[in-house]
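J.: Residue-level listing of the chains:
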Amino acid sequence: MRGVLENTTVRFLARRLAYTAVVLVGVMVVVFSIVQLVPGDPVRIALGTRYTEASYEALRAASGLDRPLWEQFVGYLGGALTGDLGVSFRNGEPVTAVLLERLPATISLALAGLVIGLAVALPAGIYSALREGRLSDGIVRIASQFGVSVPDFWMGMLLITLFSSVLGWLPSSGYVAITDDPLEWLRRVTLPAITMGIVAGSIMTRYIRAAVLDVASMGYIRTARSKGLAPKVVTFRHIVRNALVPVLTITGIQMATMLGGVIVVEVVFAWPGLGRLVFDAVASRDYPIIQGAVLLIAVMFLLINLLVDVLYAVVDPRIRLS
Amino acid sequence: MKSRMLLAGIAMTGVAALAACSTGEGVDLDGADGRVLTAAIAGEPDQLDPHKTTSYFSFQVLENIYDTLVEPDENLEMQPALAEDWELSDDQLTWTFELREGVTFHDGSEFTADDVVYSYNRIIDEELSNAWRLSAITDITATDDTTVEITVAQPTPNLLSSLGGFKGLAIVSEDNAESGDISTAPVGTGPFSLENYTSGDSIELVANEDYWGGAPEIAGVTFRFISEGSTALAALKSGDVDWTDSIPAQQVQGLEGDDTIVLGQNPSNDYWYLAMNQAKEPWNDVRVRQAVAYAIDRDAIAQVTSYGTAEVNQLAIPKASSWYSEYDTYSTDVDQAKSLMADAGVPSAEMELLVSSDYPESVAAAQVIADNLAEIGITVSISSPDFASWLDAQNAGRFDMLMMSWLGNIDPDDFYYAQHHSAGGSNAQQYSNPEVDALLDEARTETDTDARKALYDEAAALIADDASYIYLYNPSVIQAWSPELEDYEARGDRAIRFKSVSFSD
Numbered sequence: 001m002r003g004v005l006e007n008t009t010v011r012f013l014a015r016r017l018a019y020t021a022v023v024l025v026g027v028m029v030v031v032f033s034i035v036q037l038v039p040g041d042p043v044r045i046a047l048g049t050r051y052t053e054a055s056y057e058a059l060r061a062a063s064g065l066d067r068p069l070w071e072q073f074v075g076y077l078g079g080a081l082t083g084d085l086g087v088s089f090r091n092g093e094p095v096t097a098v099l100l101e102r103l104p105a106t107i108s109l110a111l112a113g114l115v116i117g118l119a120v121a122l123p124a125g126i127y128s129a130l131r132e133g134r135l136s137d138g139i140v141r142i143a144s145q146f147g148v149s150v151p152d153f154w155m156g157m158l159l160i161t162l163f164s165s166v167l168g169w170l171p172s173s174g175y176v177a178i179t180d181d182p183l184e185w186l187r188r189v190t191l192p193a194i195t196m197g198i199v200a201g202s203i204m205t206r207y208i209r210a211a212v213l214d215v216a217s218m219g220y221i222r223t224a225r226s227k228g229l230a231p232k233v234v235t236f237r238h239i240v241r242n243a244l245v246p247v248l249t250i251t252g253i254q255m256a257t258m259l260g261g262v263i264v265v266e267v268v269f270a271w272p273g274l275g276r277l278v279f280d281a282v283a284s285r286d287y288p289i290i291q292g293a294v295l296l297i298a299v300m301f302l303l304i305n306l307l308v309d310v311l312y313a314v315v316d317p318r319i320r321l322s
Numbered sequence: 001m002k003s004r005m006l007l008a009g010i011a012m013t014g015v016a017a018l019a020a021c022s023t024g025e026g027v028d029l030d031g032a033d034g035r036v037l038t039a040a041i042a043g044e045p046d047q048l049d050p051h052k053t054t055s056y057f058s059f060q061v062l063e064n065i066y067d068t069l070v071e072p073d074e075n076l077e078m079q080p081a082l083a084e085d086w087e088l089s090d091d092q093l094t095w096t097f098e099l100r101e102g103v104t105f106h107d108g109s110e111f112t113a114d115d116v117v118y119s120y121n122r123i124i125d126e127e128l129s130n131a132w133r134l135s136a137i138t139d140i141t142a143t144d145d146t147t148v149e150i151t152v153a154q155p156t157p158n159l160l161s162s163l164g165g166f167k168g169l170a171i172v173s174e175d176n177a178e179s180g181d182i183s184t185a186p187v188g189t190g191p192f193s194l195e196n197y198t199s200g201d202s203i204e205l206v207a208n209e210d211y212w213g214g215a216p217e218i219a220g221v222t223f224r225f226i227s228e229g230s231t232a233l234a235a236l237k238s239g240d241v242d243w244t245d246s247i248p249a250q251q252v253q254g255l256e257g258d259d260t261i262v263l264g265q266n267p268s269n270d271y272w273y274l275a276m277n278q279a280k281e282p283w284n285d286v287r288v289r290q291a292v293a294y295a296i297d298r299d300a301i302a303q304v305t306s307y308g309t310a311e312v313n314q315l316a317i318p319k320a321s322s323w324y325s326e327y328d329t330y331s332t333d334v335d336q337a338k339s340l341m342a343d344a345g346v347p348s349a350e351m352e353l354l355v356s357s358d359y360p361e362s363v364a365a366a367q368v369i370a371d372n373l374a375e376i377g378i379t380v381s382i383s384s385p386d387f388a389s390w391l392d393a394q395n396a397g398r399f400d401m402l403m404m405s406w407l408g409n410i411d412p413d414d415f416y417y418a419q420h421h422s423a424g425g426s427n428a429q430q431y432s433n434p435e436v437d438a439l440l441d442e443a444r445t446e447t448d449t450d451a452r453k454a455l456y457d458e459a460a461a462l463i464a465d466d467a468s469y470i471y472l473y474n475p476s477v478i479q480a481w482s483p484e485l486e487d488y489e490a491r492g493d494r495a496i497r498f499k500s501v502s503f504s505d
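Chains A and B, in that order, give the protein sequences. Here the first sequence is numbered in my numbering, starting from 1 and rising by one per residue. Here the second sequence is numbered in my numbering, starting from 1 and rising by one per residue.
Not the full set, but computed from the structure, chain A residues with beta-carbon under 10 Å of chain B:
no., residue
1, S55
2, S88
3, V98
4, F153
5, T161
6, S164
7, S165
8, G168
9, P171
10, L277
11, S284
Everything labelled a hint here was simulated from the structure, so no lab data went into it. Since we're looking at a predicted model, the values are computed, not measured. Heads up, the beta-carbon is just placed ideally off N, CA and C, and yes, glycines get one too.
Construct the complete structure from the given sequences, taking the supplied hints into account.
T.: What follows is the structure in structure tokens.
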């Protein structure tokens, strides 16, 4: 029996991995096509007004755009698999190095945003579901609708105005690495993390509420209740625990979204992460950076999805067998 | 309800606790050496090699790291910098520069005439973006350690402004340039040296205690990249930064009268213009071009592009410049425009107006212009490609009228020769007036400043009369800084200089 279980787990993971690999190849085709679909000559655009034929040819050759299409794709694929994503049009730096330099800022902001989001969403979602239809449920639902709808740009400006301009408690922008000065990092990450946390938390609140309601309507909950189990035991051991699977999904998606660098938040708070990088790269038409960033974001998305799938299998044995 | 209040309460307490940990931002005292100035600029430099970058963000930083042989003062007249003195030979073909002695680069190496020769040759030989500014030069020689001789092909009165107009002609260190370090770790002779560069976030400079012009009073400058104007202004008001030019034009009005900041607003040497393709009918008829010049509403255009912060001007050079001359032939006069069209026998016309989506102000202006011209029977279709395609269309002559700007000029030769001489390299509108050609040629080699100005005044008036360019306005330099910052000035050439600023206590 144990052998069979392990076998199915391995098969489940192998299937997931294969699926991830297929999606990854698809992503790379799309990323590769970005440059091909740009109207005009990307090298010409990157060089701007004054340039020499020599520098044009040099950049064109360096970016491989002078070779046949299929050769370019194979080259890009091979390069990407070995971590070589080309060089930035803007200053000739290797794209991989630029991306890795920006990753810590985005990861630390995303984790802080997720922590805030979960800290809001878990209690609010469960509380609201257990009070379904009452005033407090309505208030949570309206508040979360507000959080989902409010533009993060506006929320960011609001927080800056309140905490930075009026109260003067926190800096409005800037970044310090958590490894350099954890306290200063915390001061600087707070406002952007709250901005992201409000949006992520509102979305998760709605999912958690729905998941808890779903489980609470199940027959076995009624059975548990009629058995005379204490309400607390029913709520936490039976309802919340079983509601965790969908919660895991939405948490994973939120984390992946934030890791992709929430462009607007990073721009508003001058946070030097992936989102800001993409914003600047689009403004300066730095296609290798845009390609690299999109690929990295897609890979992170896939990895997190894979991780969530694996966690499902841990949380819910039935999934392993499906 | 209660728990939400509680959550909010916890959040507020957390924020307050964090604030309590603060040691007071923006008043970081660096020993007895004074305070570090924090400047918020609107974007990140692409690279820090002064000869290769074309990004304004780079030059904002490099202005404080590098020196040129001569440099413009606040009236944009050239003053000694790395060159203490210079002489011009009688035939006006040889310039001899006496260099300042005892100047060192930030790495401690000595500055000599060889560095000047190397720097200019690097720009010329590698055909870098500013090579055209040195096109008159035929030879550069170091006659001894502190003397450089520059030979030019013909008398070149604007050589000084070509050599010192901005830091694109900076004197660099050969070791630094040849090693390639210059693009991220430049070594100059200027008032500040590069200390640290955090990609995406900031560049830190520290004061150069050995600066030839005297050590700066402030301990250093930190440039932070804050592209969102509202964030930069909030940071300025809360004291996180001391200076910024990341200011949306629409917010300027709201800042006037705000005594928590000082607002600097000066018309710059940049200008926007319209030009009609004179190789095409009916734009080859000067009356049609003048009709367009009378039909447009400059004030309305300046309003939509800059919220009224720009200064309308019917010539290129702004009031503050010593080369300014008055000219106000045109006014918004639809009747005059209509009668000019009638004289030309052109009751109606179709016009393709070429602007660029990379310059949103040109797209906004195009709407106003299209409206204006409809009144005199010209139907405008607006085409707004990206700038590279815009350039292609301009160079191939695929336009009826275009709108664009010129930046960073100081000497009148830069304003008029390439654009309006029939042999000029940027005369895309194909203007040709022998009288203007003769004036521009003569002015180019005239060494008496007053006589030279008279020639340019005359040429400029002809150019505007013929509507080779229809000049629109000079956009303003808009900057804001803390009232504690003293001796800072917003300059018309957009150079950001922090070497002589200080903080009041």
